[in-house]
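Protein chains: 2
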Amino acid sequence: MASIHDVPPDAFNYVWDNSIEPALEIESGETVQLYVRDASDEQIHKGSGVEDVAKLDFSHVNPVSGPVFVKGAKPGDVLEVELLAFEAKDWGWTAIIPGFGLLADEFPDPWLRISEVDAAAGIVRFGDKVTLPHRPFPGTLGVAMPEPGEHSIVPPSRFGGNMDVKHLRTGVRLFLPVGVEGALFSLGDTHAAQGDGEVCGTAIETAMDVILRLTVRRDFAIDAPQFHLPAGAEVEDARTSFHVCTGVGPDLMECSRNAVRATIAHLGDRYGLEREEAYAVASVAADLRIHEVVDAPNWVVGAFIPEAIFEGGR
Amino acid sequence: MASIHDVPPDAFNYVWDNSIEPALEIESGETVQLYVRDASDEQIHKGSGVEDVAKLDFSHVNPVSGPVFVKGAKPGDVLEVELLAFEAKDWGWTAIIPGFGLLADEFPDPWLRISEVDAAAGIVRFGDKVTLPHRPFPGTLGVAMPEPGEHSIVPPSRFGGNMDVKHLRTGVRLFLPVGVEGALFSLGDTHAAQGDGEVCGTAIETAMDVILRLTVRRDFAIDAPQFHLPAGAEVEDARTSFHVCTGVGPDLMECSRNAVRATIAHLGDRYGLEREEAYAVASVAADLRIHEVVDAPNWVVGAFIPEAIFEGGR
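In the order they appear, the protein sequences are chains A and B.
Heads up: the first sequence at position 214 corresponds to 214 in the numbering used here, and the numbers run straight through without jumps.
Take any residue in the second sequence, note its place counting from 1, add 1000, and you have its number in the numbering used here.
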């Protein structure tokens, strides 16, 4: 059995840049362990208050572990990332960061929630009123872009990066287009739970150890990330009842905003959540879906609130 | 036990207009049966060929049964629509209609597929290669807008209408804001199966008898449609494996288009589907989800292809 190759814990970066020296070089098909720092790069800690959000230094956020050079990977190939295991820490943070998030204009003040992550029980305790299923995944997985120089770590691209796809859990295979020789794979921004959309801009942010297998594929070609979910991967999170708030209109972004605004109002009316907490709950638990995108000029986006996260909910 | 009130089969309309005379008047909480014509208004039949798509008369499409006047409903109230039962016909149609659909520019020619709907077996036979789960729902459910005059039946609005929300199945409760006295509820565009997005513009289009209960609610207020899914409603469709193609970029509409373009390419490569059939399969089976809408300037949309619809798929 092949050994697991470690990416050294001190090998992390704050930008995409294909001139960064590899932290590790492996053969295609080998297994790698990464020790991933949280998205605040340890600026927020277990005892933090809202003042630590207010003074966040954005020159070092979203550190990504790596890069890993995969021998033989060439531009035009596909890098398969098989997600094998996540080892969670016992806490995570969720913040509303001024200027960031889907409703940034409506939430100008910093806000912070420290949650307890109980991996053994399979739950995340998010305040008194909300218990989330523990669903660890990396928010950022990507390969270096062919364009030279430094590129912001914040936006994703067709080479992956900060995609925040909550479905990239154990057993899932992610496919990334290779942009440069060796692929130069990096990973960061690990989350203990998140809704599709990550609407307030943060999830249950937590450091995590990650084990995965990297394999070069040449039997198909892709222009942007694709992934494969094994049978049953989505079942557990489908068992709950859902309340769904829709947004209807001519712009998918504004539809999404209206669906989230309605979600915040609903969570306030129904469960007594403050506006900030409701926005954060939408971010860590509610899923955005596009129901209709053809009946011009108006589209429909729905925000799915899983009711099992509330006490007495199913 | 209260009887079921029939909307007469000949009571249907091609526009929203709050001056249309009610076809039926009921008390809040009563049950209604509607005999819904297919979205082509019988212009497409079981023996149709593509020439019937080419000559579609758009002055009578998407007929909606109704309107139903619900006594006591006032502007500002909520109309609860509890979906009780659907009686499917034994066939349905799916078309690519020139000028309509998410990729209209790339699919200029009409295309048609007649599917066999086998409600007893719980399936829809969509050609030789694809078998869909039978998931009947109405694409159009709405109440009259307060603005006078005729309004197109095609786009949905905050009063509902042609929302094409595939989740509105038996056991689900839909909530609509009431815009005029009596609400004036209508329903049409019944589908035997559809993906979130309805990307080619049509689903498995089929006539259907629908039974539902209409109740005036005043214990909460809403600005746009909301709905409630009972526990377990989403489980069956979550059991399959999924292949997911993403679109990444600064516009959610273009992200959606790219995710669907990649889906069409994948379905061609993997299953040998022609481009038109692949586009139609994306429309009747693939779900669009918004994974990330905060990591400016790029967002991520995923198109989920359920692999159990293919022979040998799980």
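Calculated directly from the structure, the hints in this document are not laboratory data.
Be careful, since some hints might not be right.
Unchecked claim - Okay, the calculated beta carbon distance ranges per label pair:
no. : chain 1 : residue 1 : chain 2 : residue 2 : range
1   : A       : G268      : B       : E1025     : 44 to 52 Å
2   : A       : L84       : B       : K1055     : 55 to 63 Å
3   : A       : E254      : B       : G1072     : 31 to 39 Å
4   : B       : P1009     : A       : R125      : 51 to 59 Å
5   : A       : H45       : B       : D1269     : 25 to 33 Å
6   : A       : R125      : B       : E1025     : 30 to 38 Å
Values in this document were obtained by computation on a predicted structure and should not be read as measured data.
C-beta atoms are modelled at their ideal positions from N, C-alpha and C, and glycine is treated no differently.
inquiry  = Need the list of violated hint numbers for this structure, in ascending order.
reply    = 1, 5 and 6
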